[in-house]
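Asker: Here are the chains, one letter per residue:
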Amino acid sequence: MTTTDNPPQSDTEADTTEVPLSDAGNPIGFGRMLRKEDARFLRGQGNYVDDVRLPGMLTGVILRAPMAHARINSIDTSAAEAVDGVHAVLTGETLEGVGLSWMPTLSNDTQSVLVTDKVRFQGQEVAFVIADDEYIAQDAAQRIVVDYEPLPAVADAKQALADDAPLIRDDVEGRTDNKIYDWEAGNKDETDRAFADADVVVRQEMLYPRTHPAPMETCGSVAHMDPVTGKLVIWTTTQAPHAHRTLYALVAGLPEHKIQVISPDIGGGFGNKVGIYPGYVCSVVGSIVTGKPVKWMEDRAGNLMSTSFARDYHMTGEIASTADGTITGLRVDVLADHGAFNGVAQPTKYPAGFFHIFTGSYDYGAAHCNVRAVYTNKAPGGVAYACSFRITEAVYLVERMVDCLADELDMDPAELRMKNLLQPEQFPYTTPTGWEYDSGDYPRALQKALDMAGYEALRDEQADVRAAYDNGESTMLMGIGLSFFTEGVGAGPRKHMDILGLGMADGCELRIHPTGKAILRISVQSQGQGHETTFAQIVSQELGIPPEDIEVVHGDTDNTPFGLGTYGSRSTPVSGAAAAVVSHRIRDKARIIAATALECDPDDLEWEPGRWFVRGAPEQGQTIQETAFAAHGSLELPEGVEGHLDAQTVYNPPNLTYPFGAYICVTDVDTATGEVKVRRFIAVDDCGPRINPMIVEGQVHGGLADGIGMALMEVMAFDRDGNHLGGSFMDYLLPTSMECPSWELGETVTPSPHHPIGVKGVGESATVGSPPAVVNSVLDAIGVRHADMPLTPAAVWRAMQGSPLRTDLAIE
Amino acid sequence: MEVTITVNGTAVTRDVEPRMLLVHFVRDELGLTGTHWACDTTNCGACTLWVDDTPVKSCTMLAVMADGHTVRTVEDLDTGGQLNPLQEGFMQEHGLQCGFCTPGMLMTGQWLLDRDPDPDEATIREAISGNLCRCTGYENIVRAVRWAAEHGNGEAEATDDDASADVETSDEVTA
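Each protein sequence line maps, in turn, to chains V and A. Per the working numbering, the first sequence runs over residues 1 to 812. Per the working numbering, the second sequence runs over residues 1001 to 1175.
To be clear, the hints were calculated from the coordinates, so they are not data collected in a lab. Do not rely on the hints blindly, as some may be mistaken.
Using C-beta positions, here's what the derived DEER-type ranges look like [as the list claims (entries may be wrong)]:
hint	chain 1	residue 1	chain 2	residue 2	range
1	A	V1012	V	D588	53 to 63 Å
2	V	Q648	A	R1014	42 to 52 Å
3	A	R1014	V	K179	50 to 60 Å
4	V	L21	A	R1014	27 to 37 Å
5	A	R1115	V	K231	48 to 58 Å
6	A	M1065	V	N559	35 to 45 Å
7	V	W797	A	D1120	31 to 41 Å
If you only want the chain V side, here are some residues facing chain A, beta carbon under 8 Å, derived [unchecked claim]:
hint	residue
8	F30
9	L34
10	G268
11	M694
12	G698
13	F729
Here a beta-carbon is modelled for each residue, glycine too, at the ideal position from N, C-alpha and C.
Okay, chain V solo, but in the shape it has when bound (with noise of 0.2 Å):
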């Protein structure tokens, strides 16, 4: 890695210096600016994988299985290819025939493509027709008749290892049971002592339930297999465009340089479009087997019952404190969930993702956590809906304890919080379980939020309330509830993340026209982050040039680098680390150019943004645009130095970047009906310097709506037999804006040491970090230690009766 700058080190409050505007009044480098993006979806001008249309194209549809789990003894397809504008079945037996029945998972786990011998979960794909059209497609799914054998589930991942449970994975030689794997991670003897050492102990099972990302997209794909050329074009809905281009080609065995994935518009990702889905692999067989194009595009109950899923973490939990309050130990024991096939993507290094995590914001040396994953008769998946490889799960866990810790001795959860947070002069700090936090001021950012919260006055509030309502005037209690996370994202280092072996290292290349304007091609891909603005507000920081003189490339495999995509926070810790390491060496070349051009050494060059100038005599000078016209001219340039300006890099991650932040919810919980309204919710967010910050406060808008999502409404329930009973919009529910407060946003700014422009990653801070936010504050208003979410009415109303905890099966 190359870099000639330094991160910036000033790590005050936002820095609110005037940016020197373009002609087009756009801020030249960091700053707010309008999205280059809107104008088309503005207009209904965007162009999402469903809005491809191409001459010949046919419509594929799948046929899901509508039981959990189930022999199948026969599939006949005759009367639905009898269908007129049937062009082709598939079904398992055809994949087998090209051996693409299976294919690997993200976790070197292997999935059924088209199922061949059982169903392993509800909606299970079975069998995917090819017709003229849609309805075409649908009415001939109806036809295919299969011969269900219908086997006991494992509904419950509680019973998923008991000894007569059904064996799911049956298909994998030498399987006797349902355990993935047992991984363990800290050190278990120190935190046993710490434990046995410790004043205060408490223990509390909870559940992190299973839920989606459910982006307003679904997934699909358009598959063109050129019968001429062999090249086969896949415009889909990825989050990896490249990741999934490699995986095509191991799948397939097609030859990597004749496939084209071609990531468009996305309209929403959360994690749910990482991986390879049975219908894009289905579309493309499907291209191949009639010569022509073949979309898919699943419906809503498609993406809600088999893709990517979130959570299901059943986590016991116990913390050790003195009896002052000061925090000695964490220790938790986890059984995932991780359904039918091991399809988590995350680093192969780490099978629970960044779990490990879990020790969170606080100081403390003794940490253990042990995680048990097991097989059920559900959709596989398991990392998803912004969750940071499972931080989310982890901050819930950790937040949950604090805050259980603070009941148990009867502190203020603020108070307990600021004595244990880490000092920011303890960073970089080495966590009990191996993470090297970069920077934080963790005290700064939680003051900041009590402070904007007004908080002092929010409990003299609570108490009035609370008298009220013990005097029988009134059915309202009211909750304050706060959690401060760390978050660890810009996955990551090549040595210790890769995926199916891939290293999580992106490229980057610049290039500048002669004319000074610039075109950047990137590997991670926006599904609504808003990359055409920010990767050219980044160069525009580093070499002056307006950020609509860049032109962003981005989705396209044969027009970009390689690189594993965008999720996990890791576009900006990575991708842009690498757009300012490219600009750094555009500006490094510039220099020897301009050099050149003023007939003085490059020593004597000074840069100031968009132009090298001669020290001392500040008119003597070229500007980049210049440079970029010199450079591909007739000027004799010194040996060794070839002519353009261009530039490229693969960027491989020191370390992670740890974005943190302080967050409190206000709520009103009415105990006759046990309806929760979220009042104020107060955010407080450090990412470092913020590129642009109307960008970062829309992300952070938006994890915080998935956080009252996740901890009010949104869940997805089976019945024992393994029914879905989440599969539409109906059922699994969305916050609207009616749910949703006014958001209350603060910043602090403290840069990563370690990333050439000290910027870290926020795409899921808020996801991550709000969940225990309103969950503290309902059970704060309603005086019970802990209950599972989603807090629905019923549930508060159940908690309150004393019956807090969810299990798989719970139905509302």
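Fit chain A to the given chain V structure using the hints.
Answerer: Frame of chain V; chain A shown alone:
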């Protein structure tokens, strides 16, 4: 069965299956892909367009039910390429991220502004509560509608720049 529907000011006649959904009619028959499909169940509002000046979720309305009626889609909001105040508000206030819910939000928001040129936050939140968004947490969508109310939509201080605000009488054809 033959239907004639006036879409964005232009009468179009097509022979369609009786079961064809209106959302598929505008997307697949007319190529107006700004109207999105996302849920099947009238919950999310990504497919919101206007039928006779009223927002309708077109994933649960049949095209034949619109026979003889007028339909307006997001493609009709701008005038000669210039964004209308609500579209401009969404840009100014960062009321969109992935853009997938945006056409539906715009059609609902415009309907509100045409009836209430100066809606307060609570009114806006209620009006858009049938349109789901996973990216924005709604805050900036509310601000976007307010921006439009304050910048030339309806009765508020129209300027030359805002002349295109009079979308109700627009006869621009984008179908």
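Asker: So, for every hint listed, does it hold in this structure?
Answerer: Taking the hints in turn, this is what the structure says about them:
1. A:V1012 <-> V:D588: 53 to 63 Å: At roughly 58 Å between Cβ atoms, V:D588 and A:V1012 fall inside 53 to 63 Å, so the hint holds.
2. V:Q648 <-> A:R1014: 42 to 52 Å: holds, 50 Å
3. A:R1014 <-> V:K179: 50 to 60 Å: holds, 57 Å
4. V:L21 <-> A:R1014: 27 to 37 Å: Given range 27 to 37 Å: violated, Cβ gap about 49 Å.
5. A:R1115 <-> V:K231: 48 to 58 Å: Holds - the Cβ-Cβ distance for A:R1115 and V:K231, about 52 Å, lies within 48 to 58 Å.
6. A:M1065 <-> V:N559: 35 to 45 Å: holds, 44 Å
7. V:W797 <-> A:D1120: 31 to 41 Å: Holds: the Cβ-Cβ distance is about 33 Å, inside 31 to 41 Å.
8. F30: Cβ of V:F30 sits 16 Å from chain A, so the hint is violated.
9. L34: holds, 5 Å
10. G268: Holds: closest Cβ of chain A sits about 4 Å from V:G268, inside 8 Å.
11. M694: With Cβ-Cβ at 5 Å, under 8 Å, it holds.
12. G698: Hint holds; V:G698 Cβ to chain A Cβ min 5 Å, cut 8 Å.
13. F729: At 4 Å from the nearest chain A Cβ, V:F729 passes the 8 Å test, so the hint holds.
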